[in-house]
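Undergrad: Residue numbers (the working numbering), protein chains in the order written: chain A, 1 to 181; chain B, 1 to 239; chain C, 1 to 145.
Incorrect hints may have been included.
The calculated SDA-like cross-link candidates involving lysine to any residue, where the alpha carbons are at most 25 Å apart (straight line), are [as the list claims (entries may be wrong)]:
(1) Lys238/B x Gly207/B
(2) Lys46/C x Arg167/B
(3) Lys110/C x Arg24/B
(4) Lys238/B x His31/C
(5) Lys48/B x Arg78/A
(6) Lys32/C x Ala30/B
Hints in this document: simulated from the structure, not taken from any laboratory.
Listed here are the chains, written in short residue letters.
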Amino acid sequence: MFNGWLTERNNRQLLAQLSPRLKRLAFAWCGDASLADDLTQEALAKALANVHSLKQEKALEGWAFSILANCFRDHCRRNRQTDEFMECPDPSHTSAAEQIDQQQTVHDVRQAISRLSPNQREVLMLVDLEACSYSEVAEILGIPVGTVMSRLSRARQNLRQLLEPASCRYPGVRPFIERVK
Amino acid sequence: MNNPLYSDEQINAFVDDELAQNERLVLLKAAVDSESLSTRIMELQYLKERTREAFPLQSKPASGVLTPSVSWTRYMTAAAMGGLSLFAILASTGHLQKTPVAPQTAINTTRSSAEQQTQTRVVFHISSDRQEDASLLLDQVELVLQEHQRSGRPIRLEVVANNQGLRMLQQGQSTVASRIRQLDAAYPGLVFAACGNTLERMTKETGEKITILPEAIIIRSGVSYITRRQQLGWSYIKV
Amino acid sequence: MKTVTQSLMALMLLMGLFTSSVVLAGDTSPHKIVIQVSTDDPRTQKIALNNAVNLQKALGQDNVVIEIVAYGPGLGMLTSSSKEGPRITSLAMQDIKFSACGNTMKGIEKKTGKMPVLLDGVTVTEAGVLRIMELQEQGYAYVRP
């Protein structure tokens, strides 16, 4: 009994530490900082209310991510007509002064991601931001691994096309692959 | 797109580190021979990096705060270690559980990037249940820890066990349990971590109740944990 | 606007962390690879040597630095009792570096009373694992066949 209480307290602590990551994931999914706050709060509240049902802390991260995914999906269903991605400013507004390379890249990438379908965004962000394995993503979102792979592949294809003109601006930038496992 | 041998899915799996070591090598070798293939890999890798960079962690939780209701509302603003904290969370909780006053905690508060570099960080990986492998692993771990202690260099050393390697951390099955206890007591910078995915699978398959040694923490996935460590510049040794 | 500046700052700091390792990785030779041999399985040892040869061939001898580090049961590959002896000596002459774990050698001496004899072209390193860690810190890619 005492053990159970310890685990629960431990889980609460882990949840608290997870909150910045949940917030980042929510933001990457929905594209709106204040909505991301709301979704994170909602997910954390649900998680804290049910934390006693969680037996082992190892499952905690995936469990919290799937709660967040459900909150995000609920939100999408509620707001079918409105554009969930509110933070995509008009490119014509970007003045020359604002064109610091890095900022521009971040802006471009976020805008491109906002054009992906919510399904693709969910998968892409879990893989890229949280470094989840495909099987973990499958479990979190409740879809088969094959679907994870095809959604991811389509998400990246689309993203590449959306970013194509932007990447031409930085011909010198090359990615590195130096570490081999 | 003119390398029909590899599908986009496969190349994605490579970039996301989902391939086994031998598959990785085969694909790497093919990429060396094919410019179109290596370009496709590079493009995907680049895309992945850009996506990651577009969403840096904005805040980190106040460390050491015990009541969650306080800690998750009181964010610190984006700090230099913001990115690091994301990946360090699992490890640091491990430290907190074991040794509330581990030297790392003291280093953390004042750590600059220069100090960060002088600290050795290495993750050992075991995935076999051969007794010799477990012994060899602990020999090497002890050697490295001793060497650092002698020269006074700070070190963080983590041992990740998955697949059959989990046996090493299983209560009642481990042939090296007492040695793990000794090492754990002697070196505060040492962490043993068991793969939660493996644990779950083994429990399902065998139906037995598997208990992990009290010295070890349980992580979600051994492989993705190691990958994150490597991305942060940790050295990696597979025994 | 404030959040933009903040995120930009965090981003730049993050970039700084990552680029430092990239710079390290790219100093002299474009590719650096460390290959670990820690098993006495002859097949694995053969694959390790093949990997080294193939990588050198594929990338060009001048474009890649390769070091093979043997420790534990893998040490035998670099001693006079090795089945791959002549091959290793000739590879050592072609810019592939072989490092034997001094610690393992001491252990063997303690057990058998005899210090193992290393092949020509093999150098001794204090401890194999430490060498592998050190090389990775210098940006070497890690391969374990």
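Undergrad: Take the hints in turn and mark each one as holding or not.
TA: Tested hints:
no., hint, verdict
1, Lys238/B x Gly207/B, "violated, 29 Å"
2, Lys46/C x Arg167/B, "violated, 29 Å"
3, Lys110/C x Arg24/B, "violated, 40 Å"
4, Lys238/B x His31/C, "holds, 21 Å"
5, Lys48/B x Arg78/A, "violated, 30 Å"
6, Lys32/C x Ala30/B, "holds, 19 Å"
The structure is inconsistent with the numbered hints 1, 2, 3 and 5, although it conforms to all the rest.
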